[in-house]
Amino acid sequence: MTQLLAKMEIDRRLVGLAVVLLIIWIGFDLASGGRFITPRNMFNLSVQTASVAVMACGMVLIIVTRHIDLSVGSILGVLAMIMGVIQTDILPQFLAYNHPMTWIITLFAGLVIGALIGGIQGVAVGYLGVPAFIVTLGGLLVWRGAAWWVTQGRTVAPLDANFILLGGGINGTIGAMWSWIAAIVAIAAIIYAAIMDRRRRLSFEFPVKPVWAECTNAAVKAGLVLVAVITLNAYYLPSRAAEKILAQRGLPATPENLEISHGIAIPLLIVAVVAIVLTVVAKRTRFGRYVYAIGGNPQAAELAGVNVKRMTVAVFALMGLLCAVSAAISSARLQSAGNDLGTLDELRVIAAVVIGGTSLAGGVGTIYGALIGALVMQSLQSGMALLGVDTSLQSIVIGLVLVLAVFSDKYFHRRYSDPTA
Amino acid sequence: MSDKAAHKKPLVEMRDIHISFGGVKAVDGVSIDLYPGEVVGVLGHNGAGKSTLIKVLSGAYTPERGQIIVDGREVKIENARDARDNNIETIYQNLALADNLDAAQNLFLGREIVTRAGFLDDGAMEHKAREVLHRLNPNFKKFNSPVSALSGGQRQSVAIARALLFEARILIMDEPCAALGVQETRMVGDLIDQLKKDGLGILLISHDLHDVFDLSDRLHVMKNGKLVGTVSTRDVTHDDVLGMIILGKMPEHLMHLAGPGATNVPAHVA
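These protein sequence lines are chains A and B, in that order. Numbering follows the working numbering, in which position 120 of the first sequence is assigned residue number 877; successive positions increment by one, without gaps. Numbering follows the working numbering, in which position 78 of the second sequence is assigned residue number 827; successive positions increment by one, without gaps.
Simulated from the structure, these hints should not be mistaken for laboratory data. Hints are supplied without guarantee of correctness; some may be wrong.
DSSO-like, lysine-lysine: derived pairs with alpha carbons at most 27 Å apart [unchecked claim]:
no., chain 1, residue 1, chain 2, residue 2
1, A, K966, B, K890
2, B, K945, B, K890
3, B, K998, B, K975
4, B, K891, A, K1167
5, B, K774, B, K998
6, B, K877, A, K1040
Okay, chain B solo, but in the shape it has when bound:
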């Protein structure tokens, strides 16, 4: 990161978020942050609370306590539309695309370009779709087949392109590499690098360390609804992180960073 980045404010901060379902604390006072041009993994076992935490950001849940700060300004996110208004886009694993529509139709679903007469302007939409998708993935060619005919990685490109068209600055990706092959996973990795360069902040949610370790700059690890800690991937090994996920303990050499709400300014930003 350049020196310029040192002065950057976090793109989004979640402070002291609390949610419980029927007496069970799903998220218990967790604070995380995300800087522009940064990829942050949110890791934890199933039930660790990572999905719940992220759904607060995408507008699916409203927290009982806590603040969400976007660009230094506190915001209320009560539904998906609020999230979108704050340039937060979520890419869900299977819910993102209509299989029978082609790439352009999916990209513009819900905000189609229409002609003056009110009819769909498929030409203009395909044109824009080619532009956006070409930037993300120069090999993308199948503009006129339904997305069901696309590979997993190509589908992921379409889903990401869709978020970009919404002018997303904060991208939440739920298990981005689940069910993808080696080649495809690499493709998604390239996509994410591309977005990083464009200054987006990306949150990767996964229960699989290997999916996100190489892609992420930092990792927030959760267990039992609490934040175990936040580490830079350059400071830790896979084993360190596995220890955090399974035992819920910070690695010895990073003990000084431990504790709830320990959102140290990332090494590569500071």
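For reference, chain A alone in the conformation it holds in the complex:
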């Protein structure tokens, strides 16, 4: 088995994580009498994971550069409040209610302010030399306080009708047809990437994987995409919502017509885009290469001409930007912005990243690992909620899982990684 994985050049840690996730899912499904692995629950899981997953992508880069960001939950809170006020109090003075530009301007403002907040913290870390732990611990308090000040504690609602689509919900999905199109595009991209990569390696006469490994690899990825889309398409809208839609379209409410699929939720689509873009940035750009180089050896990076201070600012600014994306997703999902939004999210995000195999010592970590880590965390939480486990017990279990995950990673890494292999 080990040799098989090595031949296929698959990250052993990734396989371990996927197995853990599968065990959790099957375990909860058995314990709940088949209520966990259902299209409905999987759809909800994808929406619930989205906010933490987006921030986890940025946190990977932060931790890889040997920093930490404890302020993401609070930044999410203040940005959700700011975006709430922009779309409900400020923009309606100039634009019609639910104007199609409202959500765009709101989101753009949120992204800019998020990047600014992150950038300021990055300057404090990179140029002023205050440890990231302290800067962002301060940030955790400052931005949570600021979230309250935006409206003196008043919850902002209702949000713009287009904006709330970012949070999923009945209308916040792309439906069956577009989900299939997305799946086809994704599968085509998987195959194209595999062929191009192989061709490039052959053109340089580098060793390549055997063809069967290449095919299995692509088939597994494509299969996962298919299963995901089939599952999400199998979750139908509630009959009342479906009736409404049919009435709008002037169609009769026959039993077949009533089967309108949710398909991929918009927040899941956002996660996919963020993850793909950041993976490309991490693996295929100078910026990403320098992030990992700094994590591996800051002095070597500095001697090689990398501007470590500026990179620090950029990585924290990116984190702030992603907090704005998450703030949009979570406030849109609740259709309101409260000043306690995102409380304790920093811990969920860091836990997801660490479970996903990112080393707190820096230099090592992947975006896709963090996504699975986020899914593991959310699965545990949703599963226990489904079984009616007390909230207090939920935190105990999640806390233990976090420690166990890091321990087992260390243990297996020591046992199975041969430094001379």
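With the hints as your guide, set chain B onto chain A.
Only chain B this time, still in chain A's reference frame:
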């Protein structure tokens, strides 16, 4: 050395370098030189001033007085970039590599090859890395593992290959064999011989005579910030050199070469 070498100018000369830190003369009027295709050891106890002297050449310190002449032309070296512009590369013991990156990624760190679209061209970089590393070390195979998985000698190969990619002509190696095993030390020795043949000038900095004696053509020995003398390794024994390091005195039979700034043209070049 061939007759051609007799007409060679020094690759680099440092003349009458002075540096002091808070009143302490760290380097006191030292002159050294280095010819193409030559390996020169700079020896001395800790605190003898050898590292300080060399850091002037790699751009870490600016001397209070003195000249640096590269290829017969006086140059100013105020930072690492100036040094690089003059084809001077320094390989530091532990600062050279990012452990989590692979060989090619380390080789090209800071000057990556990118595609027209601006993305990293890892294929082209690995290709070039294989070429350079194969020339240095035909046994080098681990192109896709992080350099933390490499042996000390292999890591040294990567660091040297990196300097070569920068088109270094003057290579400064700080304690090149510290923390290396016997086999590894021999490997670095082979690497250095290879570079010599390619016409590079190499300065080896060490406090351990045994590390550099066999590798070097000449030795500059320093004590208390002053140059004790410069000798060809073929003219001296280990004991002679130890005497120079510890007592700060030239061996009896070479007394006529002694004195500050005594940078006689090396026997094998003249």
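Status of each hint after checking the structure:
Restraint check: the Cα-Cα separation between K966(A) and K890(B) comes to about 16 Å, which is no more than 27 Å; the hinted pair holds. Taking the CA atoms of K945(B) and K890(B), the gap is near 24 Å; set against the 27 Å cutoff, the hint holds. Between K998(B) and K975(B) the alpha-carbon distance is near 11 Å, which keeps this suggested pair within the 27 Å criterion. Using a Cα cut-off of 27 Å, the hinted pair K891(B) and K1167(A) holds, with the two alpha carbons roughly 24 Å apart.
In summary, the hint linking K774(B) to K998(B) is supported, as the alpha carbons are separated by about 19 Å, within the 27 Å threshold. A distance of roughly 19 Å separates the Cα atoms of K877(B) and K1040(A); the hinted pair therefore holds under the 27 Å criterion.
Of the numbered hints given earlier, the model fails none.
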